[in-house]
Amino acid sequence: MINTTARDSAVPGARTEPRMGETPDFDEFVAARSGALLRTSYLLTHDHGLAEDLLQTSLTKAWFAWGRISDSPEAYVRKVLFNTYATWWRRKWNGETATEDLPEAGEDDRTDASGEVIDLWSAMERLPRRQRAVVVLRYFEDLTEAQTAELLGCSVGTVKSQCSKALAKLRIDPALAADTTPDPTPRKDAS
Amino acid sequence: MNSLDDLRATLDAHATDLDAGAGASTTRAASVHGRVRVVRRRRRVAAAGAAAAVLVAVGAVTLLPTGSERAVAPATVVGVRVPTTMTALGFGYDLAAGIDGQDGKVSVELAASDEPRLVSWATSGADRGVVVRSAETERPVSYRVDDFGDYVYIAPGNDAEVTVRADAGDPGLAVYTLGEGRPEGYTKGGVTYPRSAAAGDLAGAVVGDPGQSDVSLEAVAPQTSAGVGYYLFCVDGPEDVFLELEVGGKPASSVGTSCDGPLDPNGSATRDIGFRIKPGEDLSARFYATDGDGGPVLQDDDIVLGVGVYTTETYSSDIGSDESRRLVVDEAGHRWEQTETVRLESFQGGDRTVRVVVPDAPGPVLAIVQAKVAGSTVTEYGDDGARIEQGRGNISSTSTVTSGEVISVKKGNGELVAGDQVAVTYYVHADR
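Just so you know, the sequences run in chain order A and B.
Residues 47 to 237 in our numbering are what the first sequence lists, from first letter to last.
Residues -19 to 412 in our numbering are what the second sequence lists, from first letter to last.
Calculated directly from the structure, the hints in this document are not laboratory data.
Every residue, glycine too, gets a C-beta built ideally from N, C-alpha and C.
Among these hints, one or two may not hold up.
Here are some chain A residues pointing at chain B (derived, C-beta under 8 Å) [claimed, not checked]: (1) 76; (2) 77; (3) 80; (4) 88; (5) 89; (6) 94; (7) 105; (8) 109; (9) 125; (10) 129; (11) 166; (12) 185; (13) 216; (14) 217.
Chain A with its partners taken away, still in its complex shape (with noise of 0.2 Å):
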C-alpha cells in the first residue's frame, strides 16, 4: 500500500528509550565489552565488514531496550547477535570473492577426501549459517548443549544434530561431539 502525506504529523505516545546523551552505561559498556563481542561476530560471519555491521546492528538493537537489560546487556547483546546473524544474513551471499586468474588446468579440486586434515577455518565458511553459530557456541564460547538450545531458541536435539553435521563437515569425528564441557560458564575472553 502506498500511504501519502503532504504535512509533517507529530507522533504521540510514550517514550520507552534512553534520550541521546543519556546513556554512558551503553556508552561505557561498548567501550568494555565491543571488542569481545566482535570476534565472536567475526568468527560467524568470517569478513570484517560483515561482523562490525553485525556488532553495531546487534548494538542498535540493544540501545533501544537499553532500560530494561543494562544490569545484564551482555548476555541481551549475545543472543540478538547470534539471531540476527541468523536472519539477517538470509539475503547475503556467504563466502568468498575470486578476483585472480582462472582456475588452471589440473589443478587440484577443492574438495579434501574423507578423513584428511583440511583448513578447518576455510571448511567453517561453507558450514549453513546454524551450524556455524552451533561451532562457535560450543567451541569458542564454551556454551553447554543446553545453554546453546537456549539462546538459539531450539531444542537440545537440534543443537546436537546440528553440531554433529557441522563436526562431519569439518572432518572431526562426531562422536567427539558429545556435551562433555565440564564447566557450564562461558569463557570471557579480554577486549
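Given chain A's structure and the hints, the job is docking chain B onto it.
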C-alpha cells in the same frame, strides 16, 4: 582427521588475529548512536505515514496502489504533465500513481515490493530546485533537474519513504512500477542480462527453468578481452543452498547462500565473480545448486538459477591502479559516470586517519574507496560514521553519499606509511 583441539585453536587464533580493540571501540559507540538516530528518524517518518493513512481513510485523498496494481494515473501533478513511462538502465517503468504536494512538500510511503520502483518529481514553478530525502542516502540530496528528469530507485524487496521539498512552489511526485520494456540482451524468467552494461559486453547467459538446479552455457573470450565477470543469481529456492560455479570444467567458486530473496530483473546487477583472462580462453560455465556442502544436485521444484558472462577490455585486481577505476558504474538502479579521483597516498608525519570531503555535485554521489594498506582499515561514511566498513589488505568499498559528507579511512593498527595507498573515486548520475 582434525580434532576438537584443532577446532578450538583455529577459532582462538582467528579471534585473536582480529584487531578488535585497535581504536575501533572508541568510534563504535558513536557509530551506533548514528544508527540509532537513523532508526528513530525512520520510525518517525513511518509513524507520520501511518497518521496520513488515517486521513486518507476518511476520504480526503485517493488511496494509492500497491506495486502490483495500477491506479488511474493522473495526467498532471502540480500542473506538470507526468510521463507515462520512465527508463532506468534500459528497463521500462510504467506510471502507477501521482501525488500533488502542498506547502512546498510532498511525501510518499511505499510498502515493500518484490519488484523495483522509481519515484520521480516535478515542481509547480520555474525553479527546479528540490531537496529529496530517501533511503538512498543518509543526508537529504539537492537536485536541480528538469521536471521528472531524475528519480529515486527503490530496490526489489525494499520499502521506502521519499520526501521532496521544493525551493519554490509545490512539488509533485510520480511513482513508477516495473513495466515490460527491457534492454537488448538475454531475457528469460523475468531477468535480463543486457547485451552491454557497465559490467562489460555480454559473452553468454543462461537462465534455467523452474526446478532446473543445474545450468550451463558455452562462451569463449573475445580477442580484445582481458577480464571476465560471472553474474549469478538464484531465486525461489531454499534458505540454505550451496552454489557451485565451474568455469572451463574446473571449480571456480563455491558459496553458501539463500535463494529466498526477491528477484532483481537486471541480471548484471547481481553478485559477480571476476577473473583475469586471455583472448580465446574457454569461458564456458556450469552453475548448479547442491543439497548441502558437497552434496548431490539439489532437487527443488521451484528454484531458478541464472548466470551471465561479461567480458571487459581491461582488468586489474590491483585496486591501487588506474585500470581498476571504472569510468562508468551501474549501481542502485542508476548509471554513474566518473568525475574525479582523489589520491591520498602521501602520508607524511604518520597519519592514522585520512579524510576527504565529498565535493559539490548535482544530486547524489557514488563514492568508491580503494585502499591498499598493510593491515586492517576502517572506512566510515558520514560525519558520525553511521556507515562503516572494515577490511584488510586491498579493499574496495562503495557507498552513495552527498556533497559535503566526510569519508574517512583509518588504519586499524598503527600509522599509515609510505607505500600505503588510499583513493576515492567519485561518480554522479550519467546523462542528467
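Which numbered hints fail: 9, 10
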